[in-house]
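Taken in sequence, the protein lines are chains A and B. Position one of the first sequence corresponds to residue 1 (the UniProt record's numbering), numbered consecutively onward. Position one of the second sequence corresponds to residue 1 (the UniProt record's numbering), numbered consecutively onward.
Please keep in mind that the hints were generated in silico from the structure rather than gathered at the bench. One thing to keep in mind: the hints can contain errors.
Unchecked claim - Reference listing, derived: stretches of chain B covered by chain A, where coverage requires no fewer than 3 residues with Cβ under 8 Å from a Cβ of chain A:
#1 29-36
#2 96-106
#3 187-194
#4 206-212
#5 434-448
Glycine included, C-beta positions come from ideal geometry on N, C-alpha and C.
Here is how the chains run, residue by residue.
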Amino acid sequence: MSMRLEEHDYIGLSEVPSMENSEKISISSGLNLKATELRLGLPGSESSERDGGHEVEEKNVFQLGGVKGLVSGAKRGFSDTIDGGSGKWVFSGTGGSEVDLAKSGGLFSPRGVNGGGKSLGVGGSESNSQQSGMAPNVVKEVVPPSPKSVPENNPQISAANGHGNHGIAPAAKAQVVGWPPIRSFRKNSMASNTAKNSDDADAKLGSGCLYVKVSMDGAPYLRKVDLKTYSSYMELSSALEKMFSCFTIGQCGSHGVPSRDGLSESRLMDLLHGSEYVLTYEDKDGDWMLVGDVPWEMFTDSCKRLRIMKSLDAIGLAPRAMEKCKNRN
Amino acid sequence: MDPNPKRRMDSPDLSESNRFSPFPDEVLERVLSLVKSHKDRSSVSLVCKDWYNAERWSRTHVFIGNCYSVSPEIVARRFPKIRGVTLKGKPRFSDFNLVPPNWGADIHSWLVVFASAYPFLEELRLKRMTVTDESLEFLVTSFPNFKALSLLSCDGFSTDGLAAIATHCKNLTELDIQENGMDDSGGGWLSCFPENFTSLEVLNFASLNSDVSFDAFERLVSRCKSLRILKVNKNITLEQLQRVLVRAPQLTEFGTGSFHQELMPRQYTELESAFSNCKNLHILSGLWEATGLYLPVLYPACDSLIFLNLSYATLLSGELATLLSHCPKLRRLWVLDTVEDKGLEAVGSSCPLLEELRVFPMDPFDQDILRGVTESGFVAVSYGCRRLRYVLYFCRQMTNAAVATIVQNCPGFTHFRLCIMNPGRPDYLTNEPMDEAFGAVVKTCTKLQRLAVSGLLTDLAFEYIGNYAKNLEALSVAFAGSSDWGMQCVLRGCPKLRKLEIRDCPFGNAALLSGLEKYESMRSLWMSACNVTMNGCRLLARQMPRLNVEVMKDGESDDSQADKVYVYRSVAGPRRDAPPFVLTL
Chain A
1 MSMRLEEHDY
11 IGLSEVPSME
21 NSEKISISSG
31 LNLKATELRL
41 GLPGSESSER
51 DGGHEVEEKN
61 VFQLGGVKGL
71 VSGAKRGFSD
81 TIDGGSGKWV
91 FSGTGGSEVD
101 LAKSGGLFSP
111 RGVNGGGKSL
121 GVGGSESNSQ
131 QSGMAPNVVK
141 EVVPPSPKSV
151 PENNPQISAA
161 NGHGNHGIAP
171 AAKAQVVGWP
181 PIRSFRKNSM
191 ASNTAKNSDD
201 ADAKLGSGCL
211 YVKVSMDGAP
221 YLRKVDLKTY
231 SSYMELSSAL
241 EKMFSCFTIG
251 QCGSHGVPSR
261 DGLSESRLMD
271 LLHGSEYVLT
281 YEDKDGDWML
291 VGDVPWEMFT
301 DSCKRLRIMK
311 SLDAIGLAPR
321 AMEKCKNRN
Chain B
1 MDPNPKRRMD
11 SPDLSESNRF
21 SPFPDEVLER
31 VLSLVKSHKD
41 RSSVSLVCKD
51 WYNAERWSRT
61 HVFIGNCYSV
71 SPEIVARRFP
81 KIRGVTLKGK
91 PRFSDFNLVP
101 PNWGADIHSW
111 LVVFASAYPF
121 LEELRLKRMT
131 VTDESLEFLV
141 TSFPNFKALS
151 LLSCDGFSTD
161 GLAAIATHCK
171 NLTELDIQEN
181 GMDDSGGGWL
191 SCFPENFTSL
201 EVLNFASLNS
211 DVSFDAFERL
221 VSRCKSLRIL
231 KVNKNITLEQ
241 LQRVLVRAPQ
251 LTEFGTGSFH
261 QELMPRQYTE
271 LESAFSNCKN
281 LHILSGLWEA
291 TGLYLPVLYP
301 ACDSLIFLNL
311 SYATLLSGEL
321 ATLLSHCPKL
331 RRLWVLDTVE
341 DKGLEAVGSS
351 CPLLEELRVF
361 PMDPFDQDIL
371 RGVTESGFVA
381 VSYGCRRLRY
391 VLYFCRQMTN
401 AAVATIVQNC
411 PGFTHFRLCI
421 MNPGRPDYLT
431 NEPMDEAFGA
441 VVKTCTKLQR
451 LAVSGLLTDL
461 AFEYIGNYAK
471 NLEALSVAFA
481 GSSDWGMQCV
491 LRGCPKLRKL
501 EIRDCPFGNA
511 ALLSGLEKYE
521 SMRSLWMSAC
531 NVTMNGCRLL
541 ARQMPRLNVE
551 VMKDGESDDS
561 QADKVYVYRS
571 VAGPRRDAPP
581 FVLTL
């Protein structure tokens, strides 16, 4: 395989082990490549913050047009090898860990030999002329919009490097998509892990989520909700309705938009009055409380689990809640 | 499919085959049926026409590393007797959100062909494929003898699909659901296993979030006497774990649920004795929220432990050290970097047989914190674990000298994946690029098959790789290199390279095109956020018709840049199911 690359090296660098020589070739080719250089910036500007290795290598692209003989020789050699029969060389490097597509199975060689051979043998000379014609086109296309492309990569890199990044909030730090390479499942698990680790289930604010179990009397299985994804009792209540709607007789969730400020109370009053169920929670001390009494933040801090209780069971709680409501109004 | 049992009809030249193949076909096939390895089978098929035919008729399991490299029709035509299929779909970088949704790799078209070609299909193992609930339902109705389903990093399905599997697959032995992008709408699927269903051997639902009915689960475990691999999700409490474990002491692999619950002393003892009854436990995982308080219940079972996955347990160094002192036979260990260097020192001193170590970051996105592991932890492990051959190491700082020491201690590395989490970070002591580190790796570790590089790297690193990494099959590069020369060195110098994935590197068209003849011997090439242009890709596509050259366009960037390029060989031609954002050139 490597031998073949040396013989038919596309860019004509087969005997060239180092950068030095490639520079020599571009100079000795006698083409005025500077003018037709493929660069990312406007002509005359630096193409990137790394060393100018860029420039040298882009020159090599244009040797495709310049060094015709070598290139078409390479192509013929390629198609010769295919016509030469086994086609095995194509997949010799696989170790066969995939469906073996080579050889006399006739799976692809007819297509490969004829189709491939054709496009390379005949197309070879065509594409040669296309290439030399193409080179100037490439430059034209690239140069005008190019100033945009350079900054695209760099801010991500420099930001990720932490230069001047110290003041940025946690959310902004994960600026580079998919880096570090951690799978989503692990990312999500770690987030909830960080939350859970600070003082049992009553997670502190900041990163992470706060999953609590939600049980409903009569339902065959429980659910979990992340309290961090809600910012008010109303959101929580409607989410729970949706989640458990298959188990209710349809009385929850069909109420109009609560109009009063004490959103929590009104919603829950509706639940209490209009339906069979009441939302309660177990707090840090292990007591079962009616949801809605305390401010939302305080609730998420102390809530360990939720239970959608049948109203009949909640009769002990209801009168107090009603009284509170009356007092407030 | 050819119903004719006389295979010789396929090989027209009978006299020729008589001359070269002294065995009757039946003997040859019987011998070849004992050859299991895919690589060996491919070699066998290349010997001569007779062997090719004998091999294709005796192959029962087919592995397809890139679902677009071949079509299901071609597979069905060549292999008439397949019972198990392994398919991989999306490029690996899709795990890190670099591939937009709805890219493809949908299993359904495969299932439709298999339904008629392989009605007795038993096993399906998918990685990074899109699988819908409809496909799962189609599967259960089309393959009455279906036995094993494994889904890793797949997406598109929900627990409804799992319910269909549980309900209808009477002979199911394996249900392995790992880390998928799936919709979890409840744990009711587990209750769908019929009461007379007893064949389960492998059950993994560790990555599902909803509660299952514990009663149904307990009954399932009781009646499936052949259960040997069981991994539960974190909603299963310690108390419930004990009840499950006493019913399945024959387990060889066990994934616990949440390892944190207030237990009464009696419950604690019961749990400990449940673990001590598991004489065959080789692999242990799960252990969410495990702390030093409850880990001791594991000690009786640790004697036979070969693989311990603590990558979801936020252990501290002391807790790890104590645990490891009970695991003398450990060969594979996955931990979180909360154990820090001190914890890794304990690894070095307690695990002389260790072959694989993976250290995951607790807080990968916080770039300012100074916790986690450093180069000294890695060095400490290398002094104690000379048989190390697989490492995945996430850290925030590294030095060239440390890596040189590490590979000197452990020259047998076959997989070396080092992730210095801040992109482009140099050796923090000398401020030099990390070129010499990876140079040492490839010079010393001659058996290296897989390499992932990171840190500040110039083209020199890639020169080293090209010159020395002669057994390298997979290379992963990010934020590295100085010019096209780097990538050219790799393409020119690594004869066994099969998979090359590159992101955010200054490699352009010259580099891309220098691999022109190489790509057909590789599975695939991925280049994203590099300097490759559409014209370069078009040139590649034109020169190499047997390659699929696909470009994924981002909305915003300009038209001449090729943002994400995915090149792979295929005998199936260009994709027919490509979404609008994938351009096949």
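Each hint tested on the structure:
no. : hint    : result
1   : 29-36   : violated (count 0)
2   : 96-106  : holds (count 3)
3   : 187-194 : holds (count 3)
4   : 206-212 : holds (count 5)
5   : 434-448 : violated (count 0)
Against the hints set out earlier in the document, violations occur for numbers 1, 5.
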